[in-house]
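Position chains X and Y against the provided structure of chain S, taking the given hints into account.
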Amino acid sequence: MPGIKLSEKTIGIIKQVCSDFRNEGSELINVLHQVQGKLGYLPAEVQEVIAKELNISVAKVYGVVTFYSFFTMIPMGEHPISICMGTACYVRGAEQVLSEFKRQLKVEVGQSTPDGKFSLNCLRCVGACGLAPVVLVGEKVFGRVSPQMVKNIIAEYKEVGASEAKSA
Amino acid sequence: MEMINLTIDHKPVVVRKGATVLEAASGIGIDIPTLCYMKLEDMNIENKPGGCRVCVVEVKGRRNLAPACCTEASEGMEISTHSIRVVNARRTVVELILSDHPADCLICAKSGNCDLQDMANHLGIRKIHYQGEHSMYREDTSPAIIREINKCIMCRRCETMCNDVQTIGVLSAVNRGFQAVVSPAFEMNLDHSVCTYCGQCVAVCPTGALTEVDETGAVIRALSDPTKTVIVQTAPAVRAALGEEFGMTAGTLVTGKMVAALRRLGFDYVFDTDFAADLTILEEGTELLNRLSAFMAGDQQVKLPILTSCCPAWVKFFEHHFPELKDIPSTARSPQQMFGSIAKTYFADKIKVKRENLVVVSIMPCLAKKYESSRPEFSVNGNPDVDYALTTRELAHLINLGNIDFKSLQNEDFDAPMGESTGAGVIFGTTGGVIEAAVRTAYEIFTGKQLPRLDFEELRGMEGLRKATIDFNGTPINIGIAHGLGNARKLLEEIQAGTSEFHAIEIMSCPGGCIGGGGQPYHHGDSEILKKRQRAIYSEDQNKSIRKSHENPYITKLYEEFLGAPLSEKSHHLLHTKYFDRS
Amino acid sequence: MKIIAEYNMHILVCGGAGCKASQSEMIKTNFKNKLNEYGLADEIQVIMTGCFGFCEKGPIVKILPDNTFYTQVTPEDVPEIVDEHIIKGRIVERLLYLNPETNERVSDSKEMDIFKKQIRIALHNCGIIDPENIEEYIGRDGYSALGTCLSEKTPEEAIRLIKDSGLRGRGGGGFPTGLKWELTRKSISDQKYVVCNADEGDPGAFMDRSILEGDPHSVLEAMAICGFCIGADKGLVYIRAEYPLAIERLKIAIGQAREYGLLGNDILGTGFNFDIEIRYGAGAFVCGEETALIHSMEGERGEPTVKPPFPAEKGYNGKPTNVNNVETFANIPAIINKGAEWFASIGTEKSKGTKVFALAGNINNVGLIEVPMGITLREIIYDIGGGIKDGRRFKAVQTGGPSGGCLTQSFLNTPIDYDNLVAAGSMMGSGGMIVLDDSNCMVAIAKFYLEFILEESCGKCTPCRIGNKRLYEILEKITDGKGELEDLNRLRLLSNVIKDTSLCGLGQTSPNPVLSTLDNFYDEYLAHVNSSSCPAGQCKALVNYTIDADKCTGCTLCFRNCPVGAISGEKRGVHSIVQSLCIKCGVCFEKCKFDAVLIA
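Chains as they are written, first to last, in our numbering: chain S, 1 to 168; chain X, 169 to 751; chain Y, 752 to 1351.
The shape of chain S in the complex, shown without the other chains (with noise of 0.2 Å):
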């Protein structure tokens, strides 16, 4: 395993997850949830150690992880992208937009840019219909995006990026 030493703060922290759902097997989705919410995601030392709090096989923990889109095992980017793919979204040409993303980027849906600025995903319906198609960057939900606006997007949060690194 390529691996990653968990600091035992972080190992800590798993562990108050899972006593707070009491170390119960039947909690594992609770559990993640909770976790992925302050790890930001679960690598496999991370399940590991979830694994072994719950007495519950490491496989287990993994299939669960690979069953459900939600969790990821690698970190997101800073500002991570989601593309709406609800019906709606795409009738209104979301795929030309995440064909866009994926071109600007040069990365394929679930990765990240080399430079952990930006991760790109799918996502189904956000309930923003009226906006289709929409793409969320972070909590900020962009509406009626066309791929004309996908490199001023991008931009916008490069320079985000950069500003704030100046004034830090």
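Just so you know, the hints here were simulated from the structure itself, not pulled from any lab data.
Note that the structure is predicted; figures quoted are calculated from it, not measured.
Heads up, a few of these hints could be off.
Claimed, not checked - Once the Cα atoms are required to be at most 30 Å apart in a straight line, the calculated DSSO-like pairs of lysine-lysine come out as:
| no. | chain 1 | residue 1 | chain 2 | residue 2 |
| --- | --- | --- | --- | --- |
| 1 | X | Lys228 | Y | Lys1302 |
| 2 | S | Lys102 | Y | Lys1140 |
| 3 | X | Lys185 | Y | Lys1228 |
| 4 | Y | Lys937 | X | Lys228 |
| 5 | Y | Lys783 | S | Lys140 |
| 6 | S | Lys151 | Y | Lys1302 |
| 7 | Y | Lys1233 | S | Lys102 |
| 8 | Y | Lys937 | Y | Lys868 |
| 9 | Y | Lys1101 | X | Lys295 |
| 10 | S | Lys52 | Y | Lys1058 |
| 11 | S | Lys106 | Y | Lys1228 |
| 12 | Y | Lys1302 | S | Lys106 |
| 13 | Y | Lys1065 | Y | Lys904 |
| 14 | X | Lys228 | Y | Lys1140 |
Stated by the list, open to error - Quick list of simulated restraints, FRET-style, between CB atoms:
| no. | chain 1 | residue 1 | chain 2 | residue 2 | range |
| --- | --- | --- | --- | --- | --- |
| 15 | S | Lys117 | Y | Met777 | 51 to 59 Å |
| 16 | S | Asp115 | Y | Pro830 | 40 to 48 Å |
| 17 | X | Asn289 | Y | Leu1244 | 18 to 26 Å |
| 18 | Y | Glu1100 | X | Thr175 | 32 to 40 Å |
| 19 | S | Asn152 | Y | Leu1244 | 43 to 51 Å |
| 20 | Y | Gln1160 | X | Arg231 | 26 to 34 Å |
| 21 | X | Leu622 | S | Asn23 | 43 to 51 Å |
| 22 | S | Pro75 | X | Glu209 | 49 to 57 Å |
| 23 | S | Asn23 | X | Gln468 | 27 to 35 Å |
| 24 | Y | Met777 | X | Arg306 | 48 to 56 Å |
| 25 | S | Gly110 | Y | Asp1346 | 34 to 42 Å |
| 26 | Y | Asp1346 | X | Arg306 | 47 to 55 Å |
| 27 | Y | Asn784 | X | Arg231 | 58 to 66 Å |
| 28 | Y | Ser1331 | S | Asn152 | 23 to 31 Å |
Glycine residues also receive a C-beta, built at the ideal position from the N, C-alpha and C atoms.
Chains X and Y alone, transformed into the frame defined by chain S:
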């Protein structure tokens, strides 16, 4: 019992409430093909995810076809098992499986023994109408098991064995949709996992997705090397199953034919692991008696119950899962390793062959034996005590390669000195056998009296967990028996909790013991086969003139000439081992 | 807590997902600040409500009591609304909805076409109450249905009422709700569960989310009633983790209901105990299937198991479990309050009441609508939906999401109910209604849904795991222009087997989009296969963009917008497209003001 009336293919059937359509149909001789379904009667082992959809049948009034394996029969049901709609669906489903399956039957280890191949043939599939992308996974080779997961059809049998029966939890379904497959966590290699190599996944895999590491090639090379003396040992359970590979009825004992075949193949000496089993009894039995005596003398430090240690999968199991109990099992090596150790010292000296020129091959019903022989503590300067551990299946393959007409072979006898064994050594091959063999010896040594009877029916059977109390001339000795690691876990948890009532416990990893080992001829889900093998083992015991290990004259001689006494320093060095914390 | 009636005036700001995405939060803040400035904060209440339903024109702001309905409000518009409308009583005309036909401004939402034909039962509080204030729910008869059941009815009587109302499950299949409750009631067990399925997974539906965001108590109340009826004291809401607002409001609602003694022990002093917990879905469409949902709640992979046993006999933790979806539950309090007859008087013979649809796609009025069963597609699309966007031609409506099918022109006058939709080769599903026009390729639509299924199939059974993959590959071959006539036959044969043999509802319905488009748009498939052309111009591999030299004015608009620099040409000179660079995104076609870009 509440009964249900239904009709299957226009024939009326009466079944007990709760029976499935599949069971109802088979009751009147209608064979509905199944693929993922597996049920080992009497052993509480069942796999019916309803996933393959090969057993679908038409149920009048239902919109969709229903899987016979997990549809309960209900009153008034009208079933068609082979209508055109069903046949078309069944063929299409199998075509779909084949469309995502490597078509390398010509070189697949499972060819001829593959449920999927049989099914395709049975359904007369000659063309796959739906071609497309294949799922691609990397091959994983461990000391005992090869995973070619491209061949996985998601029947989930291995998952059932690994999780529900053995409670190891190495395998799980991972990913979803077309990418779904059964795999260890993080798709890691098996040898990085807590796999015990019990091989039960291999034993039930319907395709070539899980197979053993094949060492027949290495054995052929050794046999053809004139500088090597190649000797072979055969485990007790092999003789009760090998015949199946040659079309003989399950339960046919083929000891003599097996010996003859091994000689034809060119082994210089054909020996018996049963000999080492007798040796094990003396070592392990003495250990038990020592601990018992100490316990009775009031020694609080003594560890009881003593646990058997013949089964390498079981050893690896407690090293991973119960390392804190690693002082409890007997330190005696398994018969395979005792044999190897004695062969490469005592016997090598006897025939004046250097250790490095003596090749020890073992024929085992087991996959974990491959792993066991590779453990570093069982080698001297890099030379292993046992060079190659072949399975029963691999031996059958070798015999076929040698074009030996197995069925017509005349019986032959093992060679001396390591071919002589007692009935006690033979019954090592079944659940309950090791402890029965130990009782036969321990009783007589402990009490100084002759046993009034040799058959301990109370220790025999197929129940996953059994217990019995044997009266050692006024001292009740409580014995526990578990086969299947899930059952073993229960006994270990009792020990951990301090509630165990036993003095001695026998544990075998595989359901049925070694007769049901991962290296045996495939039982294809028929538990009757295991029972027949068990009966064969007990009948071999019955027919032996000597049935107690301590009465084996060659063992007595071995102690006199070489080892001294059980648990002597030499015995400790050559016949005992230690365990590791692998948690 | 103060309730609506205690304020003089109310400003309702839509908190639906679409409006929130368009800064409705900021609008609310601006209102509050402005009112504070004027010292009006105590007299005028600003409420963030659930979805109003007119998402196309969001963000929506509604002023009560005069019912003024402002559309497409920006945070910058707030001072003007306060100064003009609130202070001076003058409606801000420019923010009113403009009726596209009459070109008149409409101020009262009741007068708008999108609302005229709606009957709101499940959504009746959405966009009206503050979902974070239980008093407002109670103020509109909230929890009175629970009170009635607990004090005046036996469980059997309440179940009878639900059965008589004719309510059917709104999650997809349309199983009679009362019957389901009765079956679970009849299962004997020491412990039973009520589960609310809020794992809305249809990629074009958001009604469950809207109900939970706009009126969470209606669902809680219904779950408690269900618990009373079937004999359960525990409820679980299985909700998509991607719905943070709905989760937040649900949590608030559960907390308030407990505080008010409407959940917990000895509810309303009747000795009835019932409490509700939240469980999170984690992104698996198949978990909409009851058995998969239950496995997921148990911490397992969300793989379905063969039914029977049904959850009513053996569900969560092996105990009898009643699973209904959000919209189904949201109908329950109204049925108890107004009676089975009232409910049954709405709708068609076998489909009673209303259905909420998420009307989206290429239609003018995208939004969330609730209409009586039996309404025609024509009424929905043209009267409520305001017709097809950009004056294009109606092609089809897709209902039932990935499990459904397409309804064409010829079904425009068919009354919509469960059975008619199935007869027409589609299904009700959870209520996604996607309008397609002549720019949508039906083969591509079928492929879109299959792709979704591929991602969401659990992989347990062969037909769904491999069969759908093969279906998708055939469709891909066709949209790539490599299809053969025989492929169309294979599509149909394979689809039929997948339907016939799959383990769960997901697989059993997954080929519907393929079969339905094959049935209704066979010519379009033929065009792809026989002449390698995509009539809708959507399948990239089959189209080439070229510039008509006669029409090109050299305005450079296409040149400037092409994302890959595939267009060359001088200003005021004729432009041309370098085919080897063109990624066929269609931007040039959209941008050109002179129709000079051609699709061939």
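Verification of the hints:
{"no.": "1", "hint": "X:Lys228 - Y:Lys1302", "result": "violated, 65 Å"}
{"no.": "2", "hint": "S:Lys102 - Y:Lys1140", "result": "holds, 28 Å"}
{"no.": "3", "hint": "X:Lys185 - Y:Lys1228", "result": "violated, 49 Å"}
{"no.": "4", "hint": "Y:Lys937 - X:Lys228", "result": "holds, 26 Å"}
{"no.": "5", "hint": "Y:Lys783 - S:Lys140", "result": "holds, 22 Å"}
{"no.": "6", "hint": "S:Lys151 - Y:Lys1302", "result": "holds, 29 Å"}
{"no.": "7", "hint": "Y:Lys1233 - S:Lys102", "result": "holds, 25 Å"}
{"no.": "8", "hint": "Y:Lys937 - Y:Lys868", "result": "violated, 40 Å"}
{"no.": "9", "hint": "Y:Lys1101 - X:Lys295", "result": "violated, 46 Å"}
{"no.": "10", "hint": "S:Lys52 - Y:Lys1058", "result": "violated, 33 Å"}
{"no.": "11", "hint": "S:Lys106 - Y:Lys1228", "result": "holds, 26 Å"}
{"no.": "12", "hint": "Y:Lys1302 - S:Lys106", "result": "violated, 36 Å"}
{"no.": "13", "hint": "Y:Lys1065 - Y:Lys904", "result": "holds, 27 Å"}
{"no.": "14", "hint": "X:Lys228 - Y:Lys1140", "result": "violated, 47 Å"}
{"no.": "15", "hint": "S:Lys117 - Y:Met777: 51 to 59 Å", "result": "violated, 26 Å"}
{"no.": "16", "hint": "S:Asp115 - Y:Pro830: 40 to 48 Å", "result": "holds, 42 Å"}
{"no.": "17", "hint": "X:Asn289 - Y:Leu1244: 18 to 26 Å", "result": "holds, 22 Å"}
{"no.": "18", "hint": "Y:Glu1100 - X:Thr175: 32 to 40 Å", "result": "holds, 35 Å"}
{"no.": "19", "hint": "S:Asn152 - Y:Leu1244: 43 to 51 Å", "result": "holds, 48 Å"}
{"no.": "20", "hint": "Y:Gln1160 - X:Arg231: 26 to 34 Å", "result": "holds, 29 Å"}
{"no.": "21", "hint": "X:Leu622 - S:Asn23: 43 to 51 Å", "result": "holds, 50 Å"}
{"no.": "22", "hint": "S:Pro75 - X:Glu209: 49 to 57 Å", "result": "holds, 50 Å"}
{"no.": "23", "hint": "S:Asn23 - X:Gln468: 27 to 35 Å", "result": "holds, 33 Å"}
{"no.": "24", "hint": "Y:Met777 - X:Arg306: 48 to 56 Å", "result": "holds, 52 Å"}
{"no.": "25", "hint": "S:Gly110 - Y:Asp1346: 34 to 42 Å", "result": "holds, 39 Å"}
{"no.": "26", "hint": "Y:Asp1346 - X:Arg306: 47 to 55 Å", "result": "holds, 54 Å"}
{"no.": "27", "hint": "Y:Asn784 - X:Arg231: 58 to 66 Å", "result": "holds, 59 Å"}
{"no.": "28", "hint": "Y:Ser1331 - S:Asn152: 23 to 31 Å", "result": "holds, 27 Å"}
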